[in-house]
Amino acid sequence: MVAVEPRTEQQAPGPRGLPLVGSALDLLRDILGTTLKGMHEYGDVVRYVAGPPGPLRVTAFGIHDPESIQHVLASAAEDYSKQDATYIELRALVGNGLLTSEGDTWKRQKRLVQPLFTHKRVAGYADMMTAESAELAERWAAAGGSVDLHSEMTRFSLRVVCRALFGTDVEDMLPVLSRHVPYLSKRAFKRSLAPVSLPPDWHTPGNRRARRAKQEVYDIVDKLIAERRVRPTGEEDLLSLLLQAQDPDGGAPLDDDEVRDQALIFLLAGHETTATSLTFTLHLLGLHPDVQQRVLGEVQRVLGDRMPAIEDVRGLEYTTMVIKEAMRLYPAAYAIPRLAVKDDEISGYRIPAGSVAVSSPWVTHRHPKYWEEPEEFVPERFTAEREKARHRYAYFPFGGGPRACIGQHFSMMEAVIVTALLVRQYQFTAAKQEIKLFTGITLRPAEPVTSRIEPRQP
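The sequence shown begins at 32 in the working numbering and counts up by one.
Please note that the accuracy of each hint is not assured.
Stated by the list, open to error - Estimated spans, in silico, between C-beta atoms of each pair: (1) Pro320 <-> Gly346: 20 to 26 Å; (2) Gly134 <-> Ala154: 18 to 24 Å; (3) Gly385 <-> Pro320: 16 to 22 Å.
Said to hold, decoys possible - Lysine-lysine pairs mimicking DSS-like chemistry, simulated, CA-CA at most 27 Å apart: (4) Lys400 <-> Lys355; (5) Lys141 <-> Lys254; (6) Lys151 <-> Lys355; (7) Lys138 <-> Lys151; (8) Lys245 <-> Lys141.
To be clear, the hints were calculated from the coordinates, so they are not data collected in a lab.
Backbone N, C-alpha and C define an ideal beta-carbon position, used for all residues, glycine too.
Could you build all of it, start to finish, from the sequences and the hints given here?
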């Protein structure tokens with residue numbers, strides 16, 4: 032039972048770690064394995080200390096049961112902020128957009144941006160997603176043989192989010208964004224974990240490279256914003272909509288810097304996460320030919336030979352279940368940190384102000400209390416009946432509460448459309464069973480995810 036006000040000084044259990052650095056090395060080397068082991072050994076609230084004794088030491092709590100996760104992300108969201116190191120570094124590199132902003136700034140931004148992501152608005156991107164999926168399938172036909180799924184899905188998802196953001200003005204932008212956005216994301220994560228980070232204005236080689244990368248990205252987006260201010264295109268890409276957005280409470284519209292920050296946050300959050308979900312969806316289908324065959328049967332029944340329209344996405348129920356199960360096993364947002372702004376109590380344990388509460392989809396999605404044989408790939412977990420019976424926060428790949436991912440409908444629609452088209456055209460066979468993982472700002476493969484693709488006979 033979660034209580035809002037602290038009533039006890041009981042300390043949560045957790046590993047002792049090493050005398051000088053606590054659990055820092057274990058978390059740096061293998062955060063996924065360490066936190067999953069922590070849940071199995073210590074329970075649903077696990078205390079970790081990391082860093083040397085003194086002001087640099089961080090106390091973090093792994094929060095693993097759905098009731099407590101709902102408390103942190105939803106019911107007591109006002110008591111947990113995004114002022115932890117990860118979001119501070121992201122804010123410095125890609126701006127103060129909806130993902131990174133706080134307080135009244137965030138509330139105003141959400142009022143302005145939320146109407147851009149209604150189901151009706153998002154449905155307007157379905158034809159573009161279908162066209163990009165068809166182009167990808169055609170390009171694969173020319174290449175043949177095998178593909179690196181992660182490289183291909185990263186390229187695909189970046190094109191989709193860029194076209195959604197910037198309309199047809201993307202071809203000159205893609206090389207710059209492909210080169211710099213992954214680097215900036217990786218740098219933000221590394222700096223967020225470092226006990227001491229050099230100030231970003233110091234003239235070190237790393238800082239100089241980061242400033243150049245950031246400036247190139249800013250310049251190309253700022254140039255497009257300036258052009259749109261002078262010559263609106265009349266299109267309904269997100270950049271145009273951001274420039275037109277009006278605050279229903281009468282506040283000021285977004286200025287140019289705010290428009291740029293929102294665009295870059297969508298760019299960062301909208302392609303890395305979807306690329307990971309698509310990569311592992313296709314990889315798992317390549318490991319489970321029976322599931323792949325069932326997806327093919329559904330696609331043939333719903334679509335036949337035609338291209339999908341928005342109305343078809345709802346009918347691709349089993350395909351959606353497969354994607355959800357892939358996201359259960361490989362959640363791109365594998366850990367969701369929040370800084371406790373005041374003392375709290377969770378499941379009878381004291382959470383001191385200044386500590387970090389980490390809700391971990393990676394761990395909770397493997398919780399044996401909520402998932403039978405949690406390491407197995409079983410799409411049938413996501414039938415409507417089983418979803419309804421499960422706690423809302425036993426599965427939360429898009430986060431939850433007021434800060435839940437605003438682009439989740441966009442991401443799911445994109446994933447369903449491209450998966451359906453690719454499975455209809457190709458048979459996938461995974462080259463290897465296990466894939467090494469990289470844990471940065473988001474989860475992604477640490478190595479190529481190779482799959483053999485064979486064109487299906489008409």
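Each hint tested on the structure:
| no. | hint | result |
| --- | --- | --- |
| 1 | Pro320 <-> Gly346: 20 to 26 Å | holds (23 Å) |
| 2 | Gly134 <-> Ala154: 18 to 24 Å | violated (32 Å) |
| 3 | Gly385 <-> Pro320: 16 to 22 Å | violated (51 Å) |
| 4 | Lys400 <-> Lys355 | holds (19 Å) |
| 5 | Lys141 <-> Lys254 | holds (25 Å) |
| 6 | Lys151 <-> Lys355 | holds (22 Å) |
| 7 | Lys138 <-> Lys151 | holds (22 Å) |
| 8 | Lys245 <-> Lys141 | holds (24 Å) |
Checked against the numbered hints above, the structure breaks hints 2, 3 and satisfies the rest.
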